[in-house]
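Build the full structure now, drawing on both the sequences and the hints.
Residue numbers (my numbering), protein chains in the order written: chain D, 292 to 638; chain X, 292 to 638; chain F, 292 to 638.
It is worth saying that the hints were derived from the structure and are not from the lab.
Where hints are given, some of them may not hold.
Since the list can't tell identical chains apart, any single copy or any two copies may satisfy a pair.
Claimed, not checked - Pairs of lysine to aspartate or glutamate residues, derived as EDC-like cross-links and limited to a Cα-Cα distance of at most 16 Å, are as follows: (1) K620 with E430; (2) K537 with D409; (3) K350 with E589; (4) K348 with D533; (5) K348 with E597; (6) K350 with E586; (7) K348 with E596; (8) K581 with E307.
Remember, predicted model here, so these are calculated numbers, not experimental data.
Spelled out from the first residue to the last, the chains are:
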Amino acid sequence: MECVKNAWYVAGWSSEFGDELRRVTILEQNVVMFRNSKGGVIAMDDRCPHRQLPLSKGKRIGDDIQCGYHGLTFNCSGKCIRVPGQSGQPSSIYVDTYPVYEKHQITWIWMGDPELADVNTIFDMPEFTDSTWHAHQGEALHLKSNYLNVAENLVDPAHVSFVHPSTLGDAAGEDVPVHVDTKSDVISAWRWIRNAPPIGFFQQFGNFTSNVDRWHYYYLHMPSTAVIDFGSADTKDNLPEDQRSKGVRVFALHFLTPVTSEYTIDRWMHLRNTALGDGAASAEMDAMFKVAFAEDKEILEAVQEEENRPQTRQLVRIAIDKAPIAYRKKIQMLIDLENNQRVGGPT
Amino acid sequence: MECVKNAWYVAGWSSEFGDELRRVTILEQNVVMFRNSKGGVIAMDDRCPHRQLPLSKGKRIGDDIQCGYHGLTFNCSGKCIRVPGQSGQPSSIYVDTYPVYEKHQITWIWMGDPELADVNTIFDMPEFTDSTWHAHQGEALHLKSNYLNVAENLVDPAHVSFVHPSTLGDAAGEDVPVHVDTKSDVISAWRWIRNAPPIGFFQQFGNFTSNVDRWHYYYLHMPSTAVIDFGSADTKDNLPEDQRSKGVRVFALHFLTPVTSEYTIDRWMHLRNTALGDGAASAEMDAMFKVAFAEDKEILEAVQEEENRPQTRQLVRIAIDKAPIAYRKKIQMLIDLENNQRVGGPT
Amino acid sequence: MECVKNAWYVAGWSSEFGDELRRVTILEQNVVMFRNSKGGVIAMDDRCPHRQLPLSKGKRIGDDIQCGYHGLTFNCSGKCIRVPGQSGQPSSIYVDTYPVYEKHQITWIWMGDPELADVNTIFDMPEFTDSTWHAHQGEALHLKSNYLNVAENLVDPAHVSFVHPSTLGDAAGEDVPVHVDTKSDVISAWRWIRNAPPIGFFQQFGNFTSNVDRWHYYYLHMPSTAVIDFGSADTKDNLPEDQRSKGVRVFALHFLTPVTSEYTIDRWMHLRNTALGDGAASAEMDAMFKVAFAEDKEILEAVQEEENRPQTRQLVRIAIDKAPIAYRKKIQMLIDLENNQRVGGPT
Chain D
292 MECVKNAWYV
302 AGWSSEFGDE
312 LRRVTILEQN
322 VVMFRNSKGG
332 VIAMDDRCPH
342 RQLPLSKGKR
352 IGDDIQCGYH
362 GLTFNCSGKC
372 IRVPGQSGQP
382 SSIYVDTYPV
392 YEKHQITWIW
402 MGDPELADVN
412 TIFDMPEFTD
422 STWHAHQGEA
432 LHLKSNYLNV
442 AENLVDPAHV
452 SFVHPSTLGD
462 AAGEDVPVHV
472 DTKSDVISAW
482 RWIRNAPPIG
492 FFQQFGNFTS
502 NVDRWHYYYL
512 HMPSTAVIDF
522 GSADTKDNLP
532 EDQRSKGVRV
542 FALHFLTPVT
552 SEYTIDRWMH
562 LRNTALGDGA
572 ASAEMDAMFK
582 VAFAEDKEIL
592 EAVQEEENRP
602 QTRQLVRIAI
612 DKAPIAYRKK
622 IQMLIDLENN
632 QRVGGPT
Chain X
292 MECVKNAWYV
302 AGWSSEFGDE
312 LRRVTILEQN
322 VVMFRNSKGG
332 VIAMDDRCPH
342 RQLPLSKGKR
352 IGDDIQCGYH
362 GLTFNCSGKC
372 IRVPGQSGQP
382 SSIYVDTYPV
392 YEKHQITWIW
402 MGDPELADVN
412 TIFDMPEFTD
422 STWHAHQGEA
432 LHLKSNYLNV
442 AENLVDPAHV
452 SFVHPSTLGD
462 AAGEDVPVHV
472 DTKSDVISAW
482 RWIRNAPPIG
492 FFQQFGNFTS
502 NVDRWHYYYL
512 HMPSTAVIDF
522 GSADTKDNLP
532 EDQRSKGVRV
542 FALHFLTPVT
552 SEYTIDRWMH
562 LRNTALGDGA
572 ASAEMDAMFK
582 VAFAEDKEIL
592 EAVQEEENRP
602 QTRQLVRIAI
612 DKAPIAYRKK
622 IQMLIDLENN
632 QRVGGPT
Chain F
292 MECVKNAWYV
302 AGWSSEFGDE
312 LRRVTILEQN
322 VVMFRNSKGG
332 VIAMDDRCPH
342 RQLPLSKGKR
352 IGDDIQCGYH
362 GLTFNCSGKC
372 IRVPGQSGQP
382 SSIYVDTYPV
392 YEKHQITWIW
402 MGDPELADVN
412 TIFDMPEFTD
422 STWHAHQGEA
432 LHLKSNYLNV
442 AENLVDPAHV
452 SFVHPSTLGD
462 AAGEDVPVHV
472 DTKSDVISAW
482 RWIRNAPPIG
492 FFQQFGNFTS
502 NVDRWHYYYL
512 HMPSTAVIDF
522 GSADTKDNLP
532 EDQRSKGVRV
542 FALHFLTPVT
552 SEYTIDRWMH
562 LRNTALGDGA
572 ASAEMDAMFK
582 VAFAEDKEIL
592 EAVQEEENRP
602 QTRQLVRIAI
612 DKAPIAYRKK
622 IQMLIDLENN
632 QRVGGPT
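Structure follows, in structure tokens:
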């Protein structure tokens, strides 16, 4: 599939990895993952190089994995340390392993050249460790859709009025212009809707009694992490654009894992500056997000089905497509760069 | 798929189309259809030219369709009349529409060049409006089968003895010769079986106490409408072939809609000169037809499965194949004609 | 699919064939089979040469088969003896038939050139008719797996310790060397494990109170019949290798029928020199075999899924692979031989 390989992708919430061998599929690659006795998460190809049985069908012997077919055993570095029925193991018997790193209870994996893996490039934001903010992990949304379409949707304020009229948008936003920044490393799109009734989400969580100013900022980090900064403030406050934290503010985070060219997992969570430590509020927000994301899922899966059918026309592009177009260009540029490096590199 | 495009096909019974947007697939083309405020049925491509969401997932705004993803709006002519987030709509944003015509509570659609659509060529027969005849719509039979195989079966009197021994045929007909006319626009095949016990259908509906003369006339109208004229009369009446309406006579009509190359919808109904206005008789006939058509379905779907498997031999042709062979030739001739016109035409 | 055609394969237990027409698929070929009035089992292509309806959807007229679509009728030699609606049947209308032979309640079929079918080459062993042995038919295990992988597994003593630790093997056998004979017509592999506790199977059926010597001999007959000779004797008896019948000895037989390139039926049964005529023991052994074969099925189907995925590495071979490698070579040699004969032969 077409995707950036030299990048960190989310393999799962940290809570998903324990003692058991677990198969995870990322960029069409099956990986077996588990948490070893030292507490680290291990990832290696989920396929024995002998007869191809998935190693996840084998069992752990301490921190090693023993294949369930003929007992070949691999340590956490992917090195074969035992072949039953013979003495010694040639070095040709091994499995590839993948760098893994955990941060803020999220487990990241690097699917490309291990030498290039730099944990300092993993997505972060200061609100994760700011005591005036509350972080809450949501769930994993499984989508029969290419990850590019899912990511596009997350840098596309224009769809909100039509896809999420009862939760995240309404008709007041339909024709409000979208601002776009496609020059930075992070692509962003945003729109302010001033002096309008609160949308469903902030009717429930904002306690607003009159009209509000509200914003949607969409930030898309390469290759597939989205941050949606949205919130509301009483219109009477006339909130400046750069003081959004004075309003009720929520960051919805989406970590997209490309599974295959037609399947994506969107792990979503949020950070908020209201209702700190309020578990009931978290649950209510999750419930509302789930309504909205189910609406996205229906759209995105229907689009994927159409893309799988014969194409008879050139698709049209419209004004609101600026950020999605820039995103696809940037991804393609990164893929081309990788391919060129691989061809021209010293190895 | 291989099919005639410049032809009227049945999109549905008229009762199938109301206010709601409904996806219909004809000749592998997805079409969204609905009945507008003036009572007319509208048909257009079920795919927004922007991001390909099916328009049937959007909603009606009066007689227009608003796409459910970004709100692009199309009128009944397929013209885009609104693109949210920008002023004006370039003419490149449109969807194709299809001519639709309703006659006798049946909705026909023209999938080819709209300029060639002539409603006078739509199938008709005088008994639809004759007060001595009763018309009754049946149901829609869904078949995992190419439409050519279904149509062949409807101009094939010979299968009746073997496939429908308890309803529409019996052993008495097995070796009775089939007459065929392949010269006319409408291909026909027929056989008379004189002085034999009534078949199951007419045991139930004819009140015959002795042997009957019975007939089966199969008429196949291009590209895929079949009329089966069958009936019985007391043998003592010695009914001439051209006075069949003096007997108990039924026209079974089949309107075949090619959905894909391996899927066909057969909407079936009948006209009869007996039991006029008798709803119970209609229901009983439907029940008997359903038994018979389920027998056809089993055969046709099994044949399709075999056609999808590797072919290792030249198939053999036998005497009773005359009408089916003529039908396939005629269809191929019409397809070739269309292809040539498209290549050589002034456009 | 890649397979030897000039060979006898098992079509089923003899009890599977009675009066009814039954479709069986062997080497991707659909065959209709039934037992005729003389008690013989008939096999012919399950496809009418007219419109391709499977003949198994038709009905028997005495010992002939009448097609369920237009009544073409074929006798046990595949000759067409009736075409309704015409006089006479050209010789071009026929179906191919296959040699069938029954031995020890097992029905064998020959899928290749009928002239080469020699019933003397059908698998046999003297214990079938030896009164000191008991033969018991088991069941049919359906595997979504290529037959080569299934057969390999049946000449592979090394997997037993890892796949069947509770039934047919245990850790004591993990590193015991495997002996292999790849020179004979029948490929064999075997291993003795001396002075170890009895495995689950012989805990249940051997009444052993102390350590045993146990053996596993795997014999693979071309193209796909396996005999597994396994048993145990009290270690104190110090049983010589060639006197195994003095111990508790079981022959597990596996008749593999390649259905498609990814589907195999493994009909299994056993012969034993203990608990003669003891139905309860047969049932208990079947139950234990079923546990073990379900373990094989899980492994083999997982391997097949991996083989269907993109291959990115050369697989490694290890010491225990000798017999499986020899088996694949022999099969390939037989296939090549057939192909050359077909090209260069006098026809």
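Could you figure out if K581 and E307 sit no more than 16 Å apart (CA to CA) within one copy, between two copies, both or neither? neither (20 Å within a copy, 34 Å between copies)
Is it within, between, both or neither when you check K348 against E597 at 16 Å Cα-Cα? Between copies only: 12 Å across chains, 36 Å inside a chain, cut-off 16 Å.
Alpha-carbon proximity between K350 and E586, which holds within one copy, between copies, both or neither at 16 Å: Between copies, since 14 Å is at most 16 Å while 40 Å is not.
Tell me, please, which holds for K348 and E596 at an alpha-carbon limit of 16 Å: within, between, both or neither? Answer is between; shortest inter-copy Cα gap is 13 Å, intra-copy 33 Å.
For K620 vs E430, is the C-alpha pair at or below 16 Å within one copy, between two copies, both, or neither? neither (29 Å within a copy, 51 Å between copies)
Within a copy, between copies, both or neither: where do K348 and D533 come within 16 Å Cα-Cα? Neither, since 53 Å and 38 Å both go past 16 Å.
Can you tell me if K537 and D409 fall within 16 Å by alpha carbon in one copy, between copies, both or neither? neither (35 Å within a copy, 67 Å between copies)
Within a copy, between copies, both or neither: which one fits K350 and E589 at a CA-CA cutoff of 16 Å? between (39 Å within a copy, 15 Å between copies)
Hint compliance for this structure: hints 1, 2, 4, 8 are broken, all remaining hints hold.
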